[in-house]
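Given only the sequences and the hints, what does the whole structure look like? Please build it.
Here my numbering is used: the first residue of the sequence shown is 4, the next is one more, and so on.
These aren't lab readings, by the way, just hints derived from the structure by calculation. A portion of the hints provided could be inaccurate.
Said to hold, decoys possible - In the PhoX-like style, the derived pairs of lysine-lysine whose C-alpha atoms are separated by at most 20 Å in a straight line are:
no., residue 1, residue 2
1, K27, K42
2, K62, K27
3, K62, K198
Keep in mind it's a predicted model, so treat the numbers as computed, not measured.
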Amino acid sequence: ACISQVDTRSQRAAILKLGAFLAKSDQVIVLYSNVYLKKLWTVYEVASFLVLHPVDRMKVVPVTQAIVFVFGPLIFYIFNIGNLVLVATSNLYLLGHAVGFLCGCGGMYVLRTWARDRILIQSRLSEFDVHECICFLEADRPVVYGNIATLMKASRAVHRHASEDEALGAFNALVQSILPNAFDRALGQRYFQLKHYLFFGLCANGAAALDYSCAEIARDEVPRRVLGTFLYNSLLAASLWPLVLMLMEVVTSRFLHLQGWRERLFMFFAFLFGIVTPFVLVRGCVGALAEEVVDSNWALAAMLLIHAVFFTLTAVVGSGRRGCCMRAPQTVVGDRGSGLSLGGPEGSSSVEAEEVD
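Here is the structure:
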């Protein structure tokens, strides 16, 4: 639900009914940026939601993910077209590989930044203090503090007659205990999901697989050559490229304590020898094997086996996201007359909930 920022009466009514929106919502999607955990309203909303619902109802999506998802395929497309032009018109094909290496370094930088952001999220939440949060309109701060006090009393985190300061202290403890684990689980182990990595793989080599196969069919090549070319390019698109991207994410999350030239040196050699070199070697071996498919049955059998192994590996590694199945340690509980205000009809604005283990 959106709260009006123009009509003050509608805004006040929506604020008073914010608890009802959260209680009746099936899921919350957090569009995370670096300012999300600094704002009073957003932290209050997500903490309240986790008190009312299990953690698997929350999904966290970094806003930078959309930028990468849009420009990543565009970079792949430009690189592939440029590389084809260089190969067809000059001997500067090595220039295309150099440009590809620089693009890969850019991807490593983005993933490295996100790895640091995840550490920063945990740090901010573990040291959370409601008084340090920013509020766009300072006039809203007393209203939010009042809602927080009501939430803490309804969840029995404090006594119903506790002061506002005691309730805010309990809210700090609630955020520090629930949100670090909740955000970690909601984010999962990967920056992207498997379907996103497969999409990037198709952008990197899917068009080439179709193009080469159609060209060989048009030239009336023997069927087994067409099959070998298709197996080679489909393996690149649906398995090798996704695995490379996953490996990049693993590498960029290591040795985060490094700074300055040490970090840049680590990233360069890790990318060159830990990602690029293995990829080139595997790609060369698979390409040579694909050439043998025309005349060799064992080469065809080996290609099919390699497909099965790499596709299985891609599926297993790519789906390795943490299950978001835990419930927040503290849930809304209350006795009659001390429920959380949900902004319902006049005279019936409290939630009566049974205690949950």
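Hint check:
1. With a CA separation close to 23 Å, the supplied pair K27 and K42 exceeds the 20 Å bound.
2. The hinted pair formed by K62 and K27 meets the criterion: a straight-line CA distance of about 16 Å does not exceed 20 Å.
3. For the given pair, K62 sits about 17 Å from K198 by alpha-carbon distance, which is consistent with the 20 Å threshold.
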